[in-house]
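S.K.: The primary structure of each chain is shown beneath.
Number of protein chains: 2
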Amino acid sequence: MVFFRFSQISRHFSKFTKMSKSALVILAPGAEEMEFIIAADVLRRAGIKVTVAGLNGGEAVKCSRDVQILPDTSLAKVASDKFDVVVLPGGLGGSNAMGESSLVGDLLRSQESAGGLIAAICAAPTVLAKHGVASGKSLTSYPSMKPQLVDNYSYVDDKTVVKDGNLITSRGPGTAYEFALRIAEELAGKEKVQEVAKGLLVAYN
Amino acid sequence: MVFFRFSQISRHFSKFTKMSKSALVILAPGAEEMEFIIAADVLRRAGIKVTVAGLNGGEAVKCSRDVQILPDTSLAKVASDKFDVVVLPGGLGGSNAMGESSLVGDLLRSQESAGGLIAAICAAPTVLAKHGVASGKSLTSYPSMKPQLVDNYSYVDDKTVVKDGNLITSRGPGTAYEFALRIAEELAGKEKVQEVAKGLLVAYN
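Chains as they are written, first to last, in my numbering: chain A, 66 to 270; chain B, 66 to 270.
Calculated from the structure, these hints are not laboratory results.
All figures in this text were calculated on a predicted structure; none of them were measured in a lab.
Treat the hints loosely; a few may be bogus.
For chains that are exact copies, the list does not tell them apart, and a pair is met inside one copy or across any two.
Heads up, simulated DSSO-like pairs for lysine-lysine below, C-alpha to C-alpha not over 27 Å straight-line [said to hold, decoys possible]:
| no. | residue 1 | residue 2 |
| --- | --- | --- |
| 1 | K211 | K257 |
| 2 | K263 | K127 |
| 3 | K127 | K142 |
| 4 | K263 | K211 |
| 5 | K257 | K127 |
| 6 | K142 | K202 |
| 7 | K127 | K114 |
Hey, can you work out the whole structure from these sequences and the hints?
M.R.: Structure, rendered in structure tokens:
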């Protein structure tokens, strides 16, 4: 008969549970629903544990084109948890709301100082500017947001996804698959992300 | 002083209200959330009046990657209304549920005999097969669904979107923008859809 101490089993188990990385996707009223959902769905396909957190609570969130989505939880409940990546979907209304939220500001600064990934698409890079996060880094955004970003960042016009250190940014709905796959690659590796891309019928190199 | 008869005003008004085309997007448990939301969002961007109808009622619907979406209404409430297009998003669970629904079968047969558009992506073309709709037409689907379709349809492997008469079909998440834009083109015209595509940062010719 073989006995295991609890600590041995626990260590053994945590080796496996640690394999799954985690993502927080913030869902604010007026979020661009395609950018939100492509991030959440693609990251889940890559085996990443995704938490969809409503900016203003756990109630249904009305997105930019009137699709209503139920978050998994409210942002207040998970704001002090650790996540491997914090994802900010675009949409003008959603980005403005996140830019005005001190909860989002605290969370992003804490994610930055912990060396965790931050990812923002479309109008959402302006949220970083408003909270003084990732200053000086290279980034991109929805083209019309450029004037709000050129002063504090090194703006990139000619790439669909830009990674600078722990910051990943992208441009709009048409680049949302590439954005989500780039985040997934960082957390789940190239091989996994190529398998996911193949399942999506998306080209990804 | 000038007087208008009510019927004159009403006719005048209906000239404008008739300009907006209508789409029914069916949301079934297990629907692929990206395919669902890209259709709903892109069609709304093109000025089409979109109704999101829950297959089993008006409650939140859990999609294939656990995103929960609140439909605008239940399918039962709008099944006898007229729509310019009926859109079936993919996802294996969602497509199986729609394939087993007599409500969906009746609705699709009625749409077909009225000469209205039917659009299906990914696994959803199998719903047409199960209900005996659009038999003999050219179509495509998610590649693994092909064996369920080759007997009753002329299967197309090498196109991302296939239109045959009033049927528009497509392959998967990676072709969902093109699918939605193709439907929008049919209802809102080429010029409008090119403006929408530009806003999405999607190439569309």
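S.K.: Decide, hint by hint, whether the structure agrees.
M.R.: Hints, verified against the model:
no., hint, verdict
1, K211 x K257, "between (33 Å within a copy, 25 Å between copies)"
2, K263 x K127, "between (31 Å within a copy, 24 Å between copies)"
3, K127 x K142, "both (20 Å within a copy, 22 Å between copies)"
4, K263 x K211, "between (33 Å within a copy, 17 Å between copies)"
5, K257 x K127, "between (32 Å within a copy, 25 Å between copies)"
6, K142 x K202, "neither (30 Å within a copy, 52 Å between copies)"
7, K127 x K114, "both (24 Å within a copy, 17 Å between copies)"
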